[in-house]
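K.L.:
Using the hints, position chain U against chain V.
There are 2 protein chains.
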Amino acid sequence: MYGLITRLTAHAGRRDELGLCLLDPNVKRPGCHSYVVAHDVNDADALLVTEVWMSKASHDAWFNTIRESRVMRPALGLIALWGDTVVTRPIGGVGL
Amino acid sequence: MYGLITRLTAHAGRRDELGLCLLDPNVKRPGCHSYVVAHDVNDADALLVTEVWMSKASHDAWFNTIRESRVMRPALGLIALWGDTVVTRPIGGVGL
Numbered sequence: 001m002y003g004l005i006t007r008l009t010a011h012a013g014r015r016d017e018l019g020l021c022l023l024d025p026n027v028k029r030p031g032c033h034s035y036v037v038a039h040d041v042n043d044a045d046a047l048l049v050t051e052v053w054m055s056k057a058s059h060d061a062w063f064n065t066i067r068e069s070r071v072m073r074p075a076l077g078l079i080a081l082w083g084d085t086v087v088t089r090p091i092g093g094v095g096l
Numbered sequence: 097m098y099g100l101i102t103r104l105t106a107h108a109g110r111r112d113e114l115g116l117c118l119l120d121p122n123v124k125r126p127g128c129h130s131y132v133v134a135h136d137v138n139d140a141d142a143l144l145v146t147e148v149w150m151s152k153a154s155h156d157a158w159f160n161t162i163r164e165s166r167v168m169r170p171a172l173g174l175i176a177l178w179g180d181t182v183v184t185r186p187i188g189g190v191g192l
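Chains V and U are the protein sequences, given in the same order. Per my numbering, the very first residue in the first sequence carries number 1; after that it's consecutive. Per my numbering, the very first residue in the second sequence carries number 97; after that it's consecutive.
So here's chain V without its partners, still in its complex pose (with noise of 0.2 Å):
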């Protein structure tokens, strides 16, 4: 498995506008077991996304088809600030 931890940062006051582009029913995402989008409670602007694919390839070819797609355009207007992405190599738990 392939996992990803960002903090995303959305322009002031742009945080639920920003959390609602990432949760858009439109856009699939074969192969990924687990994504969450969550509010930092510590931080009125950011957002952590956690992600868990089935594999690096999985989510590449994802983000691939995003990113010719366009479809997550809006959501990239909205982000003042991306994070370091933490890479992980999920191993188990609940809800995998």
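To be clear, the hints were calculated from the coordinates, so they are not data collected in a lab. Treat the numbers as computed from the prediction; the structure is a model and nothing was measured. Ideal Cβ placement from N, Cα and C applies to all residues, glycine included. Just so you know, not all the hints are guaranteed correct.
[To be verified] Over the 12 Å line for every Cβ pair with chain U, so calculated as not near, a few chain V residues:
1) 2
2) 35
3) 60
[Unchecked claim] If you anchor each label on the Cβ, the simulated ranges turn out as follows:
4) V:16 to U:177: 30 to 36 Å
5) U:109 to V:30: 34 to 40 Å
6) U:107 to V:89: 18 to 24 Å
7) V:73 to U:151: 33 to 39 Å
[Stated by the list, open to error] Which residues of chain V face chain U? A partial, calculated answer using Cβ under 10 Å:
8) 1
9) 22
10) 26
11) 47
12) 48
13) 52
14) 54
15) 63
16) 64
P.N.:
Coordinates of chain U only, in the frame set by chain V:
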């Protein structure tokens, strides 16, 4: 929902053991929607634990039960550094 993201650093060379302790199938987590234990690919001793609970109350009730039962004691002995926990408010996603 109530979320937690925690970095745990195991004593040198003990990460696999710590991961197995955290994934002990005897430890039930009622009210937990997602619990993922993952290796940090850039730190050979670090784990990232991401959790989504129905509520803070369900997490705290579980935590109190665990503390009393001492079932997590083997895991605690393997942790060299308990990193800061990021508390989140999950709003949705895949697998919740």
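K.L.:
State for each hint whether it applies.
P.N.:
Quick rundown of the hints versus the structure:
1. 2: violated, 9 Å
2. 35: violated, 4 Å
3. 60: About 15 Å separates residue 60 (chain V) from the closest Cβ of chain U, which puts it past 12 Å; holds.
4. V:16 to U:177: 30 to 36 Å: holds, 35 Å
5. U:109 to V:30: 34 to 40 Å: Hint holds: Cβ distance 37 Å, inside 34 to 40 Å.
6. U:107 to V:89: 18 to 24 Å: holds, 20 Å
7. V:73 to U:151: 33 to 39 Å: holds, 35 Å
8. 1: Where the cut-off is 10 Å and the nearest Cβ of chain U is about 8 Å from residue 1 (chain V), the hint holds.
9. 22: For residue 22 (chain V), the interface hint holds, since the closest Cβ of chain U sits about 8 Å away, which is under 10 Å.
10. 26: Cβ of residue 26 (chain V) sits 13 Å from chain U, so the hint is violated.
11. 47: Interface hint status for residue 47 (chain V): holds (8 Å vs cutoff 10 Å).
12. 48: Hint holds; residue 48 (chain V) Cβ to chain U Cβ min 5 Å, cut 10 Å.
13. 52: holds, 6 Å
14. 54: violated, 12 Å
15. 63: violated, 15 Å
16. 64: violated, 19 Å
In this structure, the hints that do not hold are numbers 1, 2, 10, 14, 15 and 16, in rising order.
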